[in-house]
Amino acid sequence: MNSRVSRAWRGIAGGSATVAAGVLLASLLVWLSPGYGIDEREADPTLSDATLARLGADRGRGPLTVPRRMLHGDFGYSPALQAPVGSLIAERGPATLHSLSGGLAMAWTGAAIGVLLGLWLAPRARLLPDLLAAVLLAVPAALVSAAAFLAGAPVSAAIALALFPRLYLFARNILCSMESQPHVLHARAHGVSGRGIFQHALVRPALPELAALAAASVRMALGAVIPAEAICDSPGLGQLAWKATLGRDLALLAPLTLLMTGITVFANMLSGISAGGRTR
Amino acid sequence: MKKFRLLLLMPVFFVALLAAAPRGGELRLCLRGEPKSLDPLMVTDEPSEVVRYLTSGILLRRNRRTQQLEPELASAWKVGNAGKRITFHLRPDVRFSDGTPFDAADVEYTLRRLADPGLASPAGEIFRTAARIQRFERPNPLEISLEFASPVSALEDLFDEAPLLSSRSPIKEKAVLGPFRLAHYRRGVSLRLERNPNYWKVDSAGARLPYLDAILLEIQLNRDIELTRFRRGELQLISNLDADSFDRLRRQAPGEAVDAGASLESEMLWFNQSPAAPIAEYRKAWFRSRAFRRAISEAISRKDIVRLVFRGLAVEAAGPFSPAAKFWYNPRLAPPRQDTESARKRLAAAGFRRREDRLLDAGGHAVEFSLITNSGNRNRARIAALLQEDLAKLGIKVNVAALDFPALIERLNHTHDYEACLLSLSGIDLDPNDQMNVWLSSSSHHPWNPRQAKPATPWEADIDRLMKQQAASYDPQERKRAVDRLQEIVYEQAPVIYLVHPYALMAVGASVRGTEPSALKPRLLWNAERLYLERPVAGKQ
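Those protein sequences? They're chains A and B, same order as listed. Quick note: the first sequence uses this note's numbering, first residue 1, plus one each step. Quick note: the second sequence uses this note's numbering, first residue 281, plus one each step.
Worth double-checking, as some hints may not be accurate.
[What the hints assert, rightly or not] Derived CB-CB ranges, DEER-like:
1) Q618/B <-> L64/A: 32 to 40 Å
2) A741/B <-> Y77/A: 41 to 49 Å
3) A17/A <-> S650/B: 39 to 47 Å
[Stated by the list, open to error] Sample of chain B residues at the chain A side, in silico, Cβ under 10 Å:
4) G404
5) V469
6) Q500
7) L501
8) T508
9) L588
10) A687
11) L703
12) W728
13) Q732
[Stated by the list, open to error] Per the computed footprint, the stretches of chain A lying under chain B, defined by three or more beta-carbons under 8 Å from a beta-carbon of chain B, are:
14) 43-50
15) 80-86
16) 180-193
Because the hints were derived from the structure by calculation, they are not lab data. We treat Cβ as the ideally placed atom computed from N, Cα and C, and that holds for glycine.
Bound conformation, chain B alone (with noise of 0.2 Å):
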């Protein structure tokens, strides 16, 4: 009888427990930016990307805190034939948001489409190019493999970004697999994402996830506005603080200021060598001098722009990968030290001598150039006066022009009207794969002379080489390697002077449970659906 009591009592002891889990409220967060796309296969900018990355589902997942790939809707998967093959073996009884059955179709109907040039899906570049899909196999519903034309390198991660879409759903991409689905949205305002009433994914009491009700995305543009509503707890997630506000915040709320250390993102400053640049020869000759860009890189205090910029909140860099990308980070480069000295001697062994306090070319022309930048980011605006004072000691005068961002990317990509460019490379993933398009020399990305025909210098040559190398390449330690020596050839030539990696700062409410912030995006919503509020608030529909 007793046993029979307690039996009877289960149900309602896991009733209780289900009841304790932490479940409810609304979190509310900003986007810098009105999302340009809502379909998952065309996300081509940050907000887009956090609304997809809130909705879709996917078959592997980096965790953001370990860079370890993790299981999602493939349970498990294996890679044969030296990179060129790779099988799933899907979670079984997963369903899209509208009750429609996930299986192996849906992965091949995805695919098909990412791989569609029609569609010309930016999530799907990679499976037009280096990963191109020669066969699928399904043999049961809950398997598939993918057979690819030649080995692909970090073959799992292209399955990080590529979201799952239903082949039957009647509401098409509306379907989806992730933690929420979107309820509302109203242009330049906000984004409501609720939970996903089917999403697969238990806790490890076996309460189902997500533990949000829903997700509220406001799109606000101006930053000081949005701490301003975090500290009065309208909001209770900032993803990306710059140091002042951080500073600030630190002071007022040491509890709510997160720092999860050197992001992915580099400030960066490179002189324009194209050709077709309507600029004179004799500047197009100093730029192109390697012993002119060394003794600028030399000349610059990196520790100073880590001091005054950015309050200490970032790394001195010496290359295009910062810590935060534990693999491919080459520990071997130190940052150039500031050394006035050794950039004098560099510049008279190049033929630049100096009279009075100005700097003089070979051609006695005075050395003086323009940089670029974009407008209204105040670090940067701190960062190109620092420049200016360090250069100063050489007898190097720089004017800075700050452009808002469509007149910088038309000077940058268009008419080449520019010396120099001061700039961050952000937005970018771990793998060196994703650097691609700054690397090789025909690409219109190339920052410092783009779209060349062939490679202009023996080194820019070997640049493309080691890319496409370790492209190529399945094993992780050959692609390493391939890698470090690109990032020696760009420490030596300096074609792009690293200036440092800020931090990835961020705001945590103090109601917030759950998150696991990483310098790698979305920093605090990669694992969204385990986030909870402590003293959950209460949603508008």
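One chain only, chain A, in its complex shape (with noise of 0.2 Å):
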């Protein structure tokens, strides 16, 4: 129990300096990028430099000024959608919060019917999801997507057919790796039935690493979700990083940095955690 809580500490220590990192790279390189600063109405020949100069077209604020600004709670006003970021990312986060709840329910019930068809109905029967599997993972998540907005889909499927090649081949091989132990076999040997192997000896041992991957997907999830919704046209919070990052617009950029960074550390940190250092 103690070294869970202590691991847990570390995990909290390390995500918080990790999160902060990423906030300061991704200032950093939008700093650098070239053409920061630049306001695109410079390009407008009928404006002259006088209007432009009064317009403010500023050269950019230094890649310290948002990190500092939001150690203050002051997640500041974006100046690509002319809105403050708290209000965007509030307007945002429901539809995001919605994809992502979706695309994971319908990955991890993809996943599951897919083990369980090779596992406990008939081993024969893994060859299609298999296949499928092979076939998704080959295949880059924004073509996925892109193949989802074309056949009219969510993006919540989208998320899914991004997410299932590898939550099946991961749930699968765990509880396979289950399936060859000498007390699997012992059991088998004397009879004792295939939904007793795998409800006792496949899966209540499994749970832990089952537990660690639920937590890796979601940020597997928050992987997908820029792709899937910029391209799906879906108003959420990928989209937004995904405009933000066109737009290099910096003051929106880094909160959204934050966000996700915050949340795939905290499902790194639940996933460490579950698995009890047996990740594989």
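Got two chains here, separate frames each, mind docking them using the hints?
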């Protein structure tokens, strides 16, 4: 128990450091990028220099300005979207939460069905989910999202398709490794029913690792949500992050990075604690 | 008794007529970016311009089809004193969207704000420079006269882009006179404009305009997504299609693809002649050589660009004004035809020589330059590839670098660290005054050598003089002569090499009626008050 608590504290400390480093790095990269701070209105030939100067075509702020403000709880104002960053995140959060939860639910259901087909019902039935997972794994998430968009499917479907192969393969490997344990082979030899073996010798011992995979799946889903929302034209945080990147909107990009990094670090921490050091 | 019955039936007939008028529904289309400002006086970008156009009232409007001026909130106007004075007679009984009455005091208030240097309204730029108003006269609430310090060229045109504000409304600039008013704005997602209940215009049958209940403007940067959604029927208009998308749409749904002919835009190429440019002097010498620039222009096959890049949906360019600018276009200037042999002779006469497959200058330097353009534009990348091919025939190596837009502006306007640039001049209006900052040598927008203390060459001094001369004259023919001469100088000196004018390509859904597509912006929305849907789409609140 003590080791778990100390691991949790270590995770929180490490996570906070990672979040801070992520925000600083993101700010620095944007600040250093060519053209940062350039107002595109400067290309408008109908505007004179005097008008541009008065419109405040600023040459950008330093890389530490945004992180420093965030430390004081001020998420700032997005120059590209002309709105407070806090309200933008609050507006779009529910759409992303909806897509993420739907995508995770669909991906886990698909993975569970695939594993059950292979392990419990008929091992030969594993071929079908294996093939599907292999194909989907070979296709980039952006392409899956484009296909989902063209088919008129929701963003959650695109996320599910991106997650399914990873979840299925991880879960199947975990359960397969359990299946080849000596005590399982022994139970089979003694004629214990398949259902009993599945419940007691496969799933129950694998629960910590499956919980770790569940936590890791949140991180994977977050990775998939940016291309999925950008391509499927869904107004969530992923699309917002995409627009902020394209528009070099440092004021928006830094809090979004903070949010995404925070969720990822938290999910990783949970994953690590659940696995108890046995993640593979 | 019969007459009495007929009289009784008349209101019923009138109501039936109104009910038969095409009315209702929500039109959906995309904006290609986030509007930077919803304050009509502070509009600088195209998305904001669309919103301003749909919501703001103006005194006069240039009909985008006929290119003639039409009365809007001014029922009549008169220009006097050789272009130094204009008098407007305003329509009576006009109200802003919130019910506040409109009169001459609002016109004066708006123009004073536009001219306010402290506000620095982009729409009012001209009122702070070439068209300074000296005096306002309001003999009655429906008449206003403006007296300018000097004659103003294209005086009436200034009022096509001057959005009128209320001087008395408690909701300030949110009170509008246009056909629609802003109902809802979700940043980064969409804007919903709803019908202005107090809009003044009626159709020929006496029905109040606009016909539509609402317009939903979705913010969408990806053109492929926009086209896919249009094909699904989720959007009804696309104001700007590239040639590839247009060609695809033309094959799939020929009735929905609309071609309005040459647009005002120009694809163009220029060389950096700025003394401040951090490039080798011998290269600057090439770029300052008229023979070099003319040879490059001659070596380029504009016909191939039209055929291969724009699928025939563009017209070869000879100068800054496309045939879409009916009055200003100079038909005497023919687009240069590809003539590699003539280009070689020009270069040889200027001291360039050929060794094996490379072109060398008089100092023995191999002629090679980098060409920057903006990334993410398929057509421009293809044009650059064709230029590489054409110039390789002269022994010139071209290295193409695609930069994203802010990085490109940084190089063009701040560091001047580039050799040649391929870009488009867009967002300009019909009148040459809109290109004033492009041509004046002192301007920061002067492409090849900005911010000159005094013109570096005699022909640049001529361009400066001609631009100022046309801007100071109210006589259209005198202006036309000056602008024609300017086009000839640009043609002869080739400081900017004009390549093509792409067509104005659009998509109009089968259910949309009343459109009058134009090459001038806003191409499909300029008569938005008369658009209607045959099968109205119910709007979501």
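Would you pick out the hints that fail for this structure and give their numbers low to high?
Hints 1, 9, 12, 13, 16 contradicted; others consistent.
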